[in-house]
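Q: Each chain, written out:
Number of protein chains: 4
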Amino acid sequence: MGLKTGREYIDSLRAWGLEAQVMGQAVRDLPGHPLISPSLRAVAATYDCAHDEATRALFRVVSPLADQEVNRFTHMHGSPEELISKVKMLRHCGGLTGCCFQRCAGMDAANAVFNTTFEIDRERGTEYHRRFRDFWAQVQRADQVAAGCMTDPKGDRSKRPTEQADLDLFLRVVERKSDGVIVRGAKLHQTGMVNSHQIIVLPTMSLRQGEEDFAVCFGLPTNAPGVHFIYGRQASDTRKLEGDGLDVGNPVFGGQEVMTVFDDVFVPQERIFLNGEVEFCGRLVERFAAYHRQSYGGCKVGVGDVLIGATALIARMNGVDRASHVRDKIVEMIHLNETLFACGLAAAALGRATPAGGCEADLLLANVCKLNVTRFPYEIARLATDVAGGLLGTMPPARALDDPVTGPYIRKYLAAAEGVEVVDRMKVLRLIENLVAGAGSVAYLIESVHGAGPPQAQRIMIGRQAGLEAKMARVRRLLKLS
Amino acid sequence: MGLKTGREYIDSLRAWGLEAQVMGQAVRDLPGHPLISPSLRAVAATYDCAHDEATRALFRVVSPLADQEVNRFTHMHGSPEELISKVKMLRHCGGLTGCCFQRCAGMDAANAVFNTTFEIDRERGTEYHRRFRDFWAQVQRADQVAAGCMTDPKGDRSKRPTEQADLDLFLRVVERKSDGVIVRGAKLHQTGMVNSHQIIVLPTMSLRQGEEDFAVCFGLPTNAPGVHFIYGRQASDTRKLEGDGLDVGNPVFGGQEVMTVFDDVFVPQERIFLNGEVEFCGRLVERFAAYHRQSYGGCKVGVGDVLIGATALIARMNGVDRASHVRDKIVEMIHLNETLFACGLAAAALGRATPAGGCEADLLLANVCKLNVTRFPYEIARLATDVAGGLLGTMPPARALDDPVTGPYIRKYLAAAEGVEVVDRMKVLRLIENLVAGAGSVAYLIESVHGAGPPQAQRIMIGRQAGLEAKMARVRRLLKLS
Amino acid sequence: MGLKTGREYIDSLRAWGLEAQVMGQAVRDLPGHPLISPSLRAVAATYDCAHDEATRALFRVVSPLADQEVNRFTHMHGSPEELISKVKMLRHCGGLTGCCFQRCAGMDAANAVFNTTFEIDRERGTEYHRRFRDFWAQVQRADQVAAGCMTDPKGDRSKRPTEQADLDLFLRVVERKSDGVIVRGAKLHQTGMVNSHQIIVLPTMSLRQGEEDFAVCFGLPTNAPGVHFIYGRQASDTRKLEGDGLDVGNPVFGGQEVMTVFDDVFVPQERIFLNGEVEFCGRLVERFAAYHRQSYGGCKVGVGDVLIGATALIARMNGVDRASHVRDKIVEMIHLNETLFACGLAAAALGRATPAGGCEADLLLANVCKLNVTRFPYEIARLATDVAGGLLGTMPPARALDDPVTGPYIRKYLAAAEGVEVVDRMKVLRLIENLVAGAGSVAYLIESVHGAGPPQAQRIMIGRQAGLEAKMARVRRLLKLS
Amino acid sequence: MGLKTGREYIDSLRAWGLEAQVMGQAVRDLPGHPLISPSLRAVAATYDCAHDEATRALFRVVSPLADQEVNRFTHMHGSPEELISKVKMLRHCGGLTGCCFQRCAGMDAANAVFNTTFEIDRERGTEYHRRFRDFWAQVQRADQVAAGCMTDPKGDRSKRPTEQADLDLFLRVVERKSDGVIVRGAKLHQTGMVNSHQIIVLPTMSLRQGEEDFAVCFGLPTNAPGVHFIYGRQASDTRKLEGDGLDVGNPVFGGQEVMTVFDDVFVPQERIFLNGEVEFCGRLVERFAAYHRQSYGGCKVGVGDVLIGATALIARMNGVDRASHVRDKIVEMIHLNETLFACGLAAAALGRATPAGGCEADLLLANVCKLNVTRFPYEIARLATDVAGGLLGTMPPARALDDPVTGPYIRKYLAAAEGVEVVDRMKVLRLIENLVAGAGSVAYLIESVHGAGPPQAQRIMIGRQAGLEAKMARVRRLLKLS
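Residue numbers (the working numbering), protein chains in the order written: chain A, 3 to 484; chain B, 3 to 484; chain C, 3 to 484; chain D, 3 to 484.
Keep in mind that the hints were calculated from the coordinates and are not lab data. Heads up, some of the hints might be wrong.
One copy or any two copies: either way a pair holds, since identical chains are not told apart in the list.
Below are the DSS-like pairs computed for lysine-lysine, each with C-alpha atoms no more than 25 angstroms apart in a straight line [to be verified]: (1) K414 <-> K482; (2) K179 <-> K161; (3) K161 <-> K414; (4) K414 <-> K156; (5) K482 <-> K179.
If you're wondering where the values come from, they're calculated on a predicted model, not measured in any experiment.
With the hints as extra help, turn the sequences into a complete structure.
A: Dropping the structure here:
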């Protein structure tokens, strides 16, 4: 079977039969729901790019696992060059959709599980890696989307899993059976969850002896019994329900965040990739973090490209694109955006071969990448707001355009540089609003802070990976200290 | 008649009979409309504070103009101390409402007109100042809200008013009559417009010879014939229509932005405060800017207080308030917020007496104040997002709480530190969301950039006011240059 | 006796007979030593300004203590207005000298002791305040300079005074006698010490029970037996010894830092202002910090004025003063500099009357002021470096101008805009170098970080003073939390 | 002949017989002069590293040009991997020496000339590339240092070369002869010049028709007749003359900046690589800039390593290395430093093959790299200053340690954490001072701003290279604009 097109992907998802709770109501036709369809279209774009002539080479790669050409989003990266291609692919998708396209977390989780299970098996004689290879080859052949599920609710953050008032606040094994385990818990912030065919669950952090029940990693189809989806809200989300007006900002694409509940869900033995080996949780988590933090140097840069393009466009429409301060602000936006890209590329360029035959991103630089992502998009958004003007926060609704009294007023008074259609200008402003203070800001700002872990998580890793003792030793030698 | 209470203010507004186009529909009962009522409540708070024992002294002042005690929001400030009181009052209101309370622009415009008309009369023998005093004493006695209207649509920003394809893109006098003038045009970004009884229209910028028709300043009741209001959209605005759920973020208060069209509106002679004297436009505009830019060192600081308080609260609810990095981030938020306050205070402390008997804010420091306001709230918002966590962008809707399946899941899995009600936690998160990526961000972020003029406007003034030649001369002397 | 002139001050200092260890040698004629004379001239400028017609009013004030007109540098400030005058005076001095003029720490220490001793006496029945008034009235009448001495060496910073291997690492009373005490220890970073007639010693931090020996505050003439001065090095300090070449950067003025050792020094009873009352140390220290941190919003702003002026001048000399990016950078420098000034003014404007009849700077805003001072000068210096050009780091020495071969080359190839003397251009570049990477950077950069306490000290105070609980309570009310 | 050792390099340089004007005096034994020897040792380190087992592989590479193993500092890079190796090599050298090691500009200039001359020859039928290959193969075989010379004095920066009052303010051909040309002019800011055997001169900027005389590129031995060197000053430079005291900061290594005058120097035909082809100047200059701006992502990062190591060490010596704010500051320093490294690596990873068989750094990312270098070192230096403490600006001189009175005081009162030698602590402080406000700051701060072109030069390139039109087109498509 060849790689799916976007349309085939959407069909496959429709056939998958997921149900979710959306805005307080149970919804069965998820692909048909106007709140959700933009996020499906964003995922579908990752499929179509593998068929588009211009991007086909970037999105396809031969996988030794499935022994066939696969979509790079399901690939186990094997070299620094392939990690670089990943970053380029992600940037392309961000620039195409102007939003989070939701297919990275699963890719990054799979790579982490692939490499780490190999090492567990080697050290423990388990067969997790074999199981994962089987599981993943299926995903590759079926060209499916997998959601990476990591973040537990965590309850009182000052307490360990076993100290919580409710033990379920960290997902855990509540029963071990001969043919599998029963798990209970929840995962928050699941990007793209109800657009996915498969789930990969990982522990949320390093674990210690005594916390074995929480040390569980597994794969599961999203339509498995006992899995519940509660669709999250985003700023201005209901504009997607307002019909085809331009107020939605991004007219085609959007993101998706879900809270996923595992209410005593059975996981068969063959899908379990970690089960109680607490000492490997840290490695698994850090590796996922490294892959995923590096990814942010691609996807957010692509969204940044859209915001920069829109800002340059509105400047031209307003007749100020030649003003030196406007040019300077746009250069600054580019500079910040490309710095993020550079960090993603560099973490790839220093990628290291793993025992499993994969390639992992440089841990230090991947964290540096993500820490910059927690900062620069805010400054880019601020500059976009500056250049775009106050209409971002005050513009009349699209509906007012249809009104016989107000429509003509709006067309008359929002006219700008010669030759610019007022409605086009409004569209560009709404797209910028979407990214700086609307639905798109969830991915571009909030997720930039918290996705793949919050800033402090990166700082801790940076502190650990920096080789501070070696730097001090070097100074001691230079100064010939006693 | 004593000062109005909030309720009396709302009643007076209802009686005023305004109509506006809201989300594509003509609305007559504005105070009763759920999109608009939060913004009325915010204005009402500025009335109630003049009755509240704790704040009465700060909000009341005796005006020589009306010869009675007035609400400070209608006061012509007479000393640095009174300008300091203004900043404190604005900070209080921001902290009380957590939003833009919409009564500053009118106050600041009135002070600018008051002082500048005196000087025009003195130099030109006009009687603008007398007219304005009469007009304003009425406003004070009736304890009314006036909206300051400045920003013209401006069309192609690379062109002067007379060069625009449509001359109406800058508001202008289209006919001069014996008893007044007819004006045509629009004003954008009108904060609190349909909450106001009166309008003060000012020119949008310095003007030159040949641009006399655009050099017009006047007062007018908001219910004057020919004035049309088109209500602007804000991020997540329709959450206000969703009933009493907590998703609205700020459960009581909100802001308002309006596009106001003047479709051949008659302005009687007695209400005209400038009419063609182009050479005074710059002074009027700069003075308004100085008052208004200084105001931002109060109101936004108050909103910052709310965001800081909410951030500290969510940290405690999450059990991380003792973590050193969290404390450090909150200290940083405070530091930035207080720096803004310091700038507002300093512009007051160096206030200068005017010939009219008023006191004007220091022009340089008022611009410095506002330029900082265009920056720090973004960093404060970023830090709030960091501390608050990813739920800001992924939390299920309030409605899901009522569902028998999802409600219990949410209550179970969003539990945090002991003793914290899940719904309380959700409320705090929604308030933060409101300010960083929702309706509140229009005032806290977008308006912080563009209100009272965009950053570049402040930079130009700072460059002009800095006394650069004197600094160079000082260096020349120190170095004994030839 | 009237207020001293600069010359009279220098004469008085010469007569004072101090000796210091300078660059490894004992020096007796301090005013005549070329490393030291620039710092004396800077102090002398604070005297001359009290005679200069243009600044006389700002530098003179009637002191109730001495019941006569005094130099404001010896004044006990009595109102917010006087604190504002202090900031203006300090900015003037910084702008005049382009360096630290070394007379603030004593002024600020005196104000802290003045106000705090009053409260100790009231609560403890001691007579410290009376003693201090007597001491200080003498200083005022003799128009002397007092050095404020606070920073103890502190040894291992993770340990309390009594836990140090050497108890003397915090200055302490080693013997109590009927007529006074013997103290031992050292004070570091003493700005202007060997330019001073008097010393005011304060404890370095809050102290606890059991640390009474370290809780000592006193006044002493600098020429008291047992006091030793070790002159500190500064970057490029020996350029002052190179003759009258322009490489020194600042041709007239400079700063001074000293390590002061108290080797069993006797302090008579009448000069002791605190002796074991550990519970007042925190208040004394915080108060001094507040006065001194507010001062930084004046002095460093003045030095910033010089750096901005020099940068504007070199831009003009290079022919780039019209380039938009250069203008923009200079505006940014001004903006940052004025923000510091605003913070200093605001801490004054919210000054509070003390029981002793003084006025203390707002503790929160004074700390905010200083925290900004630990940041902005670095950015100002970076921008100055950017505009000035690479010659800052590569320019030939002044001596090369005299060489018959190289002199003409330098004059030929360092020519810039028409009409600019090469030597003038070199002078301006050397002045900038002095401030960004030379002797002046000690005061403008390093001292901006550490003077009046390092950033973390300010952060702790900001955290404490911010009223965080009140902000949270406000949010609870707004959200009607359970 | 094998690759030189550091000692052999110094010997070769001594034999080269250069003379320079140093501090106003003609100096013939440059390697023996204490102001200059530290900079020779830094260059020598780049030689020794090619022999050190630990770094040999990184510093050696087989050159097709010379058909032998060469020091990578003389290599024409042939692939992204080799550009990555370059960055790693430069970081290593920076970390070893703690200063600018002065061998990059020549390497980067050579690569630019190598690639560009190939294209000129192809388009113009010239033989510049052949000449350059011959020249450079000699340099490689002799393992020599070449200085890249680019920056002309430029006089009045608002004028073109031909508009200057003195035409020599841009280096130019003053006479064309059958066997070569005579050039006149100067080059400023020549890093490592009098440590070099060869000079490569490039034009300073893009040139136009009519400016052919300035479009000249050539190679020349540094000891050619008519070339004059004027040694530049650095902050605190004369501490190198003070003997073996620790005040010098960096006890072994240092940098060097020179003004080089070409007083009618003859350049033989075989050494001319560009002669009047103005249309290639831009390409040559941009290419050099790209190589050199990428290099800054290596060398400055290495110096940053030293500063970070020294900061961590002084924190430990002071007993504060466990304080959370100190750890946080050090993490921030690392983060910024690694971001610079990431940019250098990324510009390499996206390197492109050139027609000449070389590989050029990505132009956009190389400029992004350098623009970050103009910023982050200042923040790193500020944080280092913060952690290190006020002694950076106030510490007594090393000489005072020998004094029988002050020596014991210093040893007593500068004691810190247990087991720390006071002199060791002083050495670390002096090293930090060296980098933040001393001789080292010339390379770490000033050169970080101006080396390889000032920030505005990078901004212009970033604006040009960003593909802004393509970004706008993408937005147009997404929004289906009319």
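Q: Look at each hint and say if it fits the structure.
A: Verification of the hints:
1. When the C-alpha separation of K414 and K482 is checked against a cutoff of 25 angstroms, the pair qualifies only between copies, where the shortest distance is 22 angstroms, while the shortest distance within a copy is 76 angstroms.
2. Taking CA atoms no more than 25 angstroms apart as the test, K179 paired with K161 passes in neither setting, with 29 angstroms inside one copy and 56 angstroms between copies.
3. Only between protomers do K161 and K414 lie at most 25 angstroms apart by alpha-carbon distance; the minimum there is 17 angstroms, versus 60 angstroms within a single protomer.
4. Taking identical chains as interchangeable, the C-alpha atoms of K414 and K156 lie at most 25 angstroms apart only when they sit on different chains, with a minimum of 11 angstroms there against 54 angstroms within one chain.
5. For a Cα distance limit of 25 angstroms, the shortest separation of K482 from K179 qualifies neither inside one copy, at 63 angstroms, nor across copies, at 48 angstroms.
Consistency with the previously given hints fails for numbers 2 and 5, ordered from lowest to highest.
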